[in-house]
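Chemist: So you can see what is in the structure, the chains are spelled out below.
There are 2 protein chains.
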Amino acid sequence: MNHYGKPLTDVTLNDRFWNRFRETVVREGIPYQWKALNDAVEDAEPSHCLRNFRVAAGKESGTFGGFVFQDSDIYKWLEGVAFSLRWHPDAQLEAIADEAIETVAAAQQADGYLDTYYIINGLDRRFTNLKDNHELYVAGHMVEAAVAYFQVTGKRRLLDVAIRYVDCIASAIGPEEGKLHGYPGHPVIEMALMRLYGVTGDEKHLRLAKYFVDERGQSPLYFEAEDARNGNHFYWKNSPLRYRYYQAQQPVREQKDAEGHAVRAMYLYSGMADVARETDDAELIRACKTLWESATRRRMYVTGAVGSSEHGEAFTFDYDLPNDTVYGETCASIGLAFFARRMLLLEPKGEYADVMERALYNGILSGMQLDGKRFFYVNPLEVVPEACEMDAHKRHVKPERQKWFGCACCPPNLIRTLASLEEYVATEAAGTVYVNLYAGGEIRAEGLTLKVETNYPWEGDVKLTVLGDAAEGKKLALRIPGWCREWSLAVNDEAAEVEVKDGYAVIDRPWRDGDGIALALSMPARWVRANPRVREDAGKVALQRGPVVYCLEEADNGSALHNVRVGCAAEAEICWEPDTLGGVVTLTTDGLRETEDGWDGALYDFADAPDTRPVKLRWIPYYAWANRGVGEMRVWVRN
Amino acid sequence: MNHYGKPLTDVTLNDRFWNRFRETVVREGIPYQWKALNDAVEDAEPSHCLRNFRVAAGKESGTFGGFVFQDSDIYKWLEGVAFSLRWHPDAQLEAIADEAIETVAAAQQADGYLDTYYIINGLDRRFTNLKDNHELYVAGHMVEAAVAYFQVTGKRRLLDVAIRYVDCIASAIGPEEGKLHGYPGHPVIEMALMRLYGVTGDEKHLRLAKYFVDERGQSPLYFEAEDARNGNHFYWKNSPLRYRYYQAQQPVREQKDAEGHAVRAMYLYSGMADVARETDDAELIRACKTLWESATRRRMYVTGAVGSSEHGEAFTFDYDLPNDTVYGETCASIGLAFFARRMLLLEPKGEYADVMERALYNGILSGMQLDGKRFFYVNPLEVVPEACEMDAHKRHVKPERQKWFGCACCPPNLIRTLASLEEYVATEAAGTVYVNLYAGGEIRAEGLTLKVETNYPWEGDVKLTVLGDAAEGKKLALRIPGWCREWSLAVNDEAAEVEVKDGYAVIDRPWRDGDGIALALSMPARWVRANPRVREDAGKVALQRGPVVYCLEEADNGSALHNVRVGCAAEAEICWEPDTLGGVVTLTTDGLRETEDGWDGALYDFADAPDTRPVKLRWIPYYAWANRGVGEMRVWVRN
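From first to last, the protein sequence lines stand for chains B and C.
Residue 5 is where the first sequence starts when you use our numbering, and the numbers rise one by one after that.
Residue 5 is where the second sequence starts when you use our numbering, and the numbers rise one by one after that.
It is possible that some hints are incorrect.
If we take Cβ atoms under 10 Å as the criterion, some of the chain B residues that face chain C in the derived model are [what the hints assert, rightly or not]:
1) Ser65
2) Phe68
3) Met304
4) Asp328
5) Ala396
6) Trp531
7) Val545
The hints are simulated quantities; they were obtained by calculation from the structure and are not laboratory data.
Glycine included, C-beta positions come from ideal geometry on N, C-alpha and C.
Bound-form chain B, shown alone (with noise of 0.2 Å):
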């Protein structure tokens, strides 16, 4: 059985620092998005979806509302609340799940279709605008819940619903002749599909997967023959993105660098990685990874971030990165998680890790308020509350979190990634197995379970704990994070010298029950630089501890941060405050203030380089940010 036919990967998470944030899911998140759901949160816009439903099963009547993705939204909570049941088993949310499940399975038509948009508004129009009205984005949805709620529950029903409608969709879509030779204007059925194929074992729906991939961006192109038959307008005509919002503006074993609508990009690469990595194609391999350079080692932010501007929530140009008109969606940040787990399946190699790593303790926690009420959708370095308001090219960022959004697809998406956090946590290849996320839990592994310990990310020290005799031959392979430049590794309380090999430190040695590894990965605090070609970093010095980014805040540090500067002699004070933020490590470090002293008010002047007065830096996680109140925030501060 393939990878994908794992029911999921067996790991059980209790971690200090992930409990929290995990705890806000079950509390906070799936309550509050299903009163969401059923147009019961009192001062928001309802949502229809669930009502969509019902009026597609004919048994309500009224009109199609919300956005034309709206039925998504009932996907990603059903698969939040799938992965939740697994370590928060929780009977009555069950019923409420299956019962939407059964909402969900009443609209599908005799020929298994299933999207409300079209059922209500008219079927003659289905399949005919794949690129813009995301049919085959909510069919991914819907095949990537299915697939979840079957694999934690074992019940079948919303997976059949599925399976139907993938058929339904195969139908219509394909290679063969009288088919329509299209492709999702918005992937995420790609990676669905290579899950689905993972329990199904069905073939058809790893070349259904397949056939997607490899559509996309051939000529004549598919889209524009669509726009002209439905006489569109393409929105995208006068941007410097045209298809390449869409991933669509070659092949994708072609494509070079990482363009366009990020999150679309992200979802895209993922699902790339899953068929080559089923294929075992070594040219769709080497396109996933030409795909992950030009994202990660040109187009990334220091958080994790992806996508450099608003203009369709889109990548830009090599080394384009500016910190206060970022777009760096959460969802892309999720996005590039999801891609590097699946390069980390491609290969085990610590750079995956490594960037993984950087946004789920970054770019992706910060789209949530620390209570799980509010939520960014774009996740800035640089704010200044007043640009946000009165610069109409800073307008979507946010001085503070949302509560909710039109387009709710961050905080369904940050749910459903922390209620499957165990996904990340460790993987297997060869004989070896690889740790590559340090989180408290059980790793259960063939042949190889492990009981780990650690206070990660606040502390370097991670202690692991053989349970059971091992099976024979087994490798332990341990991360060594790229931030990390000295480390040590005992076992049973001896020293143990091992090599490490692409970012992983790996143990041969019969493994014994009760037997300790101890892990310490040295974590102080350090400056970090971006690379001389990124304009907006140029000197500019961020505060990494760990996987950890810090930024400083108003509320800390008063406003006009551009005028404060730090030394990087500076040793910083690493301090753990269990009552700050839901209990943080902060820094202090010495740093300067430029002033107005001397200044006389004028606009410009002949003057000497300004006065400084030495001042106390505190800095925060980024990931906590905006949780006192507006004010300003900066990742880089000048050197």
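Starting from the known structure of chain B, arrange chain C on it as the hints suggest.
Modeler: Chain C in isolation, oriented as in the chain B frame:
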């Protein structure tokens, strides 16, 4: 007779610096624009401008073409022609202009109305959309052209047309019951009417100007009512600008900040200053000063550019001066010079002349290619060509000047400004002749005629010679520019100790024919800093010599200018280069360039300060940038 009654300030310019630019006006600008107005430029979209007049006059059939304000193009051209005829008589050109005026006049309706958009599309709709349809704006430019043409040629034809049209407007709009209580969405008619009042002496022209100024922004808001009547969607409804776009958010006397569309703002404030001066209205004068201070002390670029954002081509908020996404429209800097000149008429203070000079030598002049054939609409202070192409939010910033514009406001505005530079040289008040701008030529003030010789702005020496005995008690005030920290003055070769008041060295002595005044302004290159509140200039300096702001271009200094740093102790080498960029003083300073040496290609790293290597930096005047192909440019450089 009031000030406006004077034909024009009696100045002859014959200046080494300005002559070359003014020659392009008569050699390139005026003939090219005439071709454009007649749809005779081969590779350009037709203007339709003159054709619209013929259609409106019933001499040709067809529909209206071009923008709703297309008529204004011929008026701006005629105004430029008028000014040019003063210093460059050209009988053939004058004949063409006379004929154009006949084409205009032929379209005038029996009641005086004259806007081809409404004549062609339906007169019943006239004056129904003052907010957006530019009717009064077009009328304003007609009046300005008419007055200039009359003042220079003595011909009344267009003046009479304009007076009749103004009567028609005044019969429809005004304070009286039954009239529309409206005002222009785009100001200009206010200052135009004041110029008209200057030649007619007719109080009704003053009254209408004052009405437009004072009615603006009154409650209930006229524009709101107008939109309601028209069922118009309010375009700026969800923008931070709203009615501030039109400077109509409140009555002008209550406005505290320079807001909204920068050109409109500057034109309005200019009209306000005209009205304030003529009516000696202390409250309105105070309002002008408040807006002046906002615009120039908190919202102006070092180049004299105004309008920080492309959104609404508008002001944003205090000290918000991004260098790379700036709008900085050429017309807005021209408007700033208009405003400054009028403030000088209100009170002779060097501060106003300083800003006027800053705009003229930098942000205005940068609008035109050295050969006079191409123009900038937007005048950025930092350009990376790839960003202009790939970042949608910088696409308004062009790395090279454009041939012409569909909305051709800047080129003719530049032409009429350069053609009327005489107006900026001197002012008179209370028996004193104020020399505001140093340029070679002759100033014939009442009772005092001066010959001026100088190589300004490349050298700081100005030689003035009194021609003929002056009237008794006539004082001479020479501006000591704000940029000048050391200067000396000699009269007839004897050092003169004079008091400096409000930025002018005032010499009070009898003047005899042949008296020589030698002003020596010390003109070293100086490093400029911005107010510490300006975020985008923190840690950066600009370089200025005399009134000229400098910049670094890729052509001289390579790309990646963000990695260039300057040491402010460095003295600049000053070099007159007659064969460079039409003859400029270049500056050379020592600098450092951060290199990629020792950087391993990673996007982020824990690293010490980058390696640097010493470089010689070559600076050129900002106005002359983008005359040597496409490349990076930057005014503010890291320090």
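Chemist: Output the numbers, in ascending order, of every earlier hint that fails for this structure.
Modeler: Hint check: 1 and 2 fail, others pass.
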